[in-house]
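Quick note, the sequences are listed as chains A and B, same order. Take 1 as the starting number for the first sequence in the working numbering and just add one per residue. Take 369 as the starting number for the second sequence in the working numbering and just add one per residue.
What the hints contain is simulated information worked out from the structure, not anything from laboratory work. Don't be surprised by glycine CBs; every beta carbon is placed ideally from N, CA and C. You may find that some hints are simply not true.
Examples of chain B residues lying across from chain A (beta carbon under 7 Å, computed) [as the list claims (entries may be wrong)]: (1) Gly385; (2) His388; (3) Ser390; (4) Glu391; (5) Leu533; (6) Met559; (7) Ser590; (8) Ser615.
Dumping the calculated SDA-like pairs for lysine to any residue here, alpha-carbon to alpha-carbon at most 25 Å [claimed, not checked]: (9) Lys239(A) <-> Leu156(A); (10) Lys239(A) <-> Met453(B); (11) Lys372(B) <-> Ser516(B); (12) Lys239(A) <-> Val386(B); (13) Lys239(A) <-> Val526(B); (14) Lys44(A) <-> Tyr459(B); (15) Lys393(B) <-> Ser254(A); (16) Lys239(A) <-> Leu529(B); (17) Lys458(B) <-> Pro71(A); (18) Lys458(B) <-> Leu156(A); (19) Lys243(A) <-> His457(B); (20) Lys44(A) <-> Leu529(B); (21) Lys159(A) <-> Glu466(B); (22) Lys11(A) <-> Ala507(B); (23) Lys11(A) <-> Phe475(B); (24) Lys243(A) <-> Ala396(B); (25) Lys473(B) <-> Arg166(A); (26) Lys44(A) <-> Pro503(B); (27) Lys495(B) <-> Asn49(A); (28) Lys372(B) <-> Gln545(B); (29) Lys159(A) <-> Ala456(B); (30) Lys495(B) <-> Asp40(A); (31) Lys239(A) <-> Phe384(B); (32) Lys11(A) <-> Pro289(A); (33) Lys393(B) <-> Ala288(A); (34) Lys243(A) <-> Glu318(A); (35) Lys11(A) <-> Ala456(B); (36) Lys458(B) <-> Met240(A); (37) Lys243(A) <-> Gly196(A); (38) Lys473(B) <-> Arg206(A); (39) Lys495(B) <-> Asp544(B); (40) Lys132(A) <-> Trp247(A).
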Amino acid sequence: MVRIAVAGLGKMGISHLSILKAHMDVDVVAVCDTAQYLLDILNKNTGVNVHSDFSRMLDEASPAALVLATPSAHHYEMARTALDRGISVFCEKPLTLAPDQSAELAALAQSRDVVHQVGYHYRFTSTFREVKRLIEADAIGQITHALAEAYGPVVLRPKGSTWRSRRSTGGGCLYDYAAHPINLLNWYFGMPAHVGGTSIGKVFSRDTDDEVYSTLYYDRPAGLTAQLSVNWCDESQRKMTTKLTLWGTNGRISADRQEVQAYLREPCGPLPDYQQGWNMRSTTHLAAPVWFYLRGEEYSAQLDHFVAAVAGRRPGGESCFESASQTDRVIAMLLADDSSDRRPDATAAKGVSRFFAKASAPFFSRQA
Amino acid sequence: MRAKLDRLLFGDNQFFGVNHMSEDKARAQAMRFRDAAAVMEVLDAALDAGVRTFMCTTHDRISAICDRMRANPERYKEFTFYPSMPYAHKYANAVTEEGMFGALKRFLPDEGRLSAILRGGMAVARKDLEGLAAPLMDAEMKMFRGLSTPVIFLQNIVVDLLLGLGAKQAFRIFADQVRDRYRAEPGFITMNMPRLLPVLEEVGIDNPIICANINKLGFRMSGGLEANERVLRSGRFRAIAMSVFASGAIPPEEAIKWVCGQPNIASIVFGASRGANIRHTCELVDRYWPAASQERRALSAGTV
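With the sequences and hints as input, model every part of the structure.
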């Protein structure tokens with residue numbers, strides 16, 4: 001049994017806790033949050049050990065692994081505390097709010113020889129995995145352009161009062177939404193050489209961004225460009241929708257969470273299951289069944305990947321800290337390139353210094 | 369009180385742009401059903417085919433359907449709703465916007481004791497959880513006032529979240545509230561049927577109504593096809609099969625033939641966008657599930 005502790009019981013933390021408690025190889029030894037009422041309800045109704053002090057939880061529960069789902073501004077300090085003690089860490093995305101800190105955590109995790117993973121769940125979504133397979137098989141030849149999109153109905157009016165509504169604490173469309181398509185581009189193509197024409201704007205929010213548009217330029221594949229188009233004020237979407245479209249010399253691939261559509265001009269040798277012309281693959285055929293399902297196979301699959309690696313049953317490595325820190329670097333590049341204040345009606349407060357602002361107090365010493 | 373379940377239930381995914389195979393198809397459906405009139409047209413076709421139970425989420429848009437049914441009681445006197453609650457995206461978005469505490473405050477009218485609990489001033493007792501559940505459930509049920517709702521479902525994200533957490537008593541609280549407040553029978557939608565049944569039994573919910581994916585492909589049948597078949601054979605619950613066609617991934621006849629051959633299926637819930645598709649599904653079910661056919665004929669002849 002892998003002894004796991006969960007820190008942070010917001011939307012993602014509770015969801016991870018549920019999936020982990022249903023995992024046959026996991027013993028959830030403790031959870032930690034600042035909301036006493038939540039700890040009280042969980043302890044009484046599920047019997048889980050609860051803590052309001054992070055360090056004490058690590059001391060007393062001695063977990064082998066930590067699932068970290070606190071507000072993003074606390075990730076760096078808490079992940080470092082755990083890694084220093086030789087604890088494996090699964091951290092929600094983004095890894096940190098500063099690429100230097102992410103790189104430091106990646107190096108630390110490497111040196112401690114522990115398992116490390118970040119919750120970029122699209123890497124475990126069957127359709128986006130299929131796209132990875134197609135790219136690696138050169139299905140559409142040399143890829144010349146990518147369009148990476150994410151839209152959803154998160155902020156639909158000018159209000160909001162949590163850490164998610166302030167960029168300084170890691171809130172906003174850039175960290176919350178855009179990080180996902182950026183991470184997929186990192187997965188498929190690595191780091192862009194530079195970015196241009198970035199606009200990180202507001203629609204309704206006061207203290208953070210609601211839309212992100214940019215062009216990413218790659219040295220490899222030579223001449224590849226990618227456009228990023230992300231907006232979380234789109235009520236026409238029922239929930240978050242992430243979509244990727246790739247154009248290459250031998251055709252085109254588009255994919256979302258449900259479906260892959262691939263058009264091949266010529267058949268591709270390594271892919272006998274794909275024919276010339278249109279090919280459709282949907283999640284109903286691609287998704288491997290999971291032992292426990294909550295909101296999507298990918299959420300279970302990513303935690304199983306982590307648990308199996310900590311238990312030494314399978315090698316981990318997917319969505320590792322190093323790969324996630326690439327995404328944080330791209331986010332920093334976008335912020336540095338942001339020209340939204342050149343818009344006639346710009347209200348966005350641009351500034352890398354704000355972006356690097358430290359959290360006011362460490363999570364584990366905060367009062368509920 | 370034990371509700372007699374109709375063999376064929378009509379689902380609502382198609383009306384709200386939910387499709388597990390294609391976002392394009394989902395959007396086309398959302399556009400087609402932007403008006404309540406378009407939804408009513410399909411529900412009328414279902415009713416005329418003898419499918420009179422509508423299993424629907426407590427989405428705001430359903431209230432317009434309820435209004436139309438109330439306005440024509442003669443036409444819809446046999447019509448029955450199986451609401452499934454809560455409409456989860458509403459709460460999830462509120463939590464993102466305002467945090468857990470803010471979201472609860474938004475949806476709960478009374479601040480007194482709740483507020484004290486949330487601020488950590490008071491321990492949370494079972495009756496507090498019941499006190500939290502009651503106004504939330506009332507708010508979701510308000511749109512069905514005066515209409516028949518013999519079965520009320522807890523929706524799958526909530527069921528599976530609680531199931532994973534091991535918050536077993538929550539199922540009992542839901543069941544008790546449904547029975548006491550609405551004189552209805554509780555139902556549970558899940559993607560984890562083999563795991564849920566023993567938990568419901570453990571908290572004293574015997575022979576429960578469980579709605580789960582049951583399809584030939586094994587699509588979203590967590591725990592594997594074999595474990596699902598084993599628990600179906602046990603016969604200790606009333607199974608409602610959903611995602612029978614796996615969003616269109618299984619050809620209709622193959623899908624219906626397979627599911628009708630499974631043991632202890634009480635009902636099949638299916639969605640369709642056109643009357644012709646509803647009638648086609650009814651014909652297939654007639655062929656492979658004669659009991660359902662007799663029941664539906666009786667319904668459309670008005671003898672039940």
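Status of each hint after checking the structure:
1. Gly385: holds, 5 Å
2. His388: holds, 6 Å
3. Ser390: At 5 Å from the nearest chain A Cβ, serine 390(B) passes the 7 Å test, so the hint holds.
4. Glu391: It holds, given that the least Cβ distance between glutamate 391(B) and chain A is near 5 Å, below 7 Å.
5. Leu533: holds, 5 Å
6. Met559: This hint holds: methionine 559(B) lies near chain A, its Cβ roughly 4 Å from the closest one there, short of 7 Å.
7. Ser590: holds, 4 Å
8. Ser615: At 6 Å from the nearest chain A Cβ, serine 615(B) passes the 7 Å test, so the hint holds.
9. Lys239(A) <-> Leu156(A): holds, 13 Å
10. Lys239(A) <-> Met453(B): holds, 18 Å
11. Lys372(B) <-> Ser516(B): OK: lysine 372(B) and serine 516(B) at ~13 Å, within 25 Å.
12. Lys239(A) <-> Val386(B): holds, 10 Å
13. Lys239(A) <-> Val526(B): Distance of about 17 Å is within 25 Å: holds.
14. Lys44(A) <-> Tyr459(B): Holds - the C-alpha atoms of tyrosine 459(B) and lysine 44(A) are around 23 Å apart, at most 25 Å.
15. Lys393(B) <-> Ser254(A): holds, 15 Å
16. Lys239(A) <-> Leu529(B): holds, 18 Å
17. Lys458(B) <-> Pro71(A): holds, 21 Å
18. Lys458(B) <-> Leu156(A): The given pair, whose Cα atoms are some 12 Å apart, holds under the 25 Å limit.
19. Lys243(A) <-> His457(B): Cα-Cα ~20 Å, so holds.
20. Lys44(A) <-> Leu529(B): Between lysine 44(A) and leucine 529(B) the Cα gap is close to 16 Å, so the pair holds against 25 Å.
21. Lys159(A) <-> Glu466(B): holds, 9 Å
22. Lys11(A) <-> Ala507(B): holds, 22 Å
23. Lys11(A) <-> Phe475(B): holds, 17 Å
24. Lys243(A) <-> Ala396(B): holds, 17 Å
25. Lys473(B) <-> Arg166(A): Given pair lysine 473(B), arginine 166(A) holds - Cα atoms ~21 Å apart, limit 25 Å.
26. Lys44(A) <-> Pro503(B): It holds: about 22 Å lies between the C-alpha atoms, which stays within 25 Å.
27. Lys495(B) <-> Asn49(A): holds, 22 Å
28. Lys372(B) <-> Gln545(B): Cα-Cα ~20 Å, so holds.
29. Lys159(A) <-> Ala456(B): holds, 21 Å
30. Lys495(B) <-> Asp40(A): holds, 14 Å
31. Lys239(A) <-> Phe384(B): At roughly 12 Å apart (the allowed maximum being 25 Å), phenylalanine 384(B) and lysine 239(A) satisfy the hint.
32. Lys11(A) <-> Pro289(A): holds, 23 Å
33. Lys393(B) <-> Ala288(A): Cα-Cα ~23 Å, so holds.
34. Lys243(A) <-> Glu318(A): Given pair lysine 243(A), glutamate 318(A) holds - Cα atoms ~21 Å apart, limit 25 Å.
35. Lys11(A) <-> Ala456(B): holds, 12 Å
36. Lys458(B) <-> Met240(A): Holds, because 13 Å separates the two Cα atoms, which is no more than 25 Å.
37. Lys243(A) <-> Gly196(A): holds, 21 Å
38. Lys473(B) <-> Arg206(A): holds, 22 Å
39. Lys495(B) <-> Asp544(B): Measuring from Cα to Cα gives roughly 12 Å; hence the hint holds.
40. Lys132(A) <-> Trp247(A): holds, 14 Å
The structure fails none of the hints (numbered hints given earlier).
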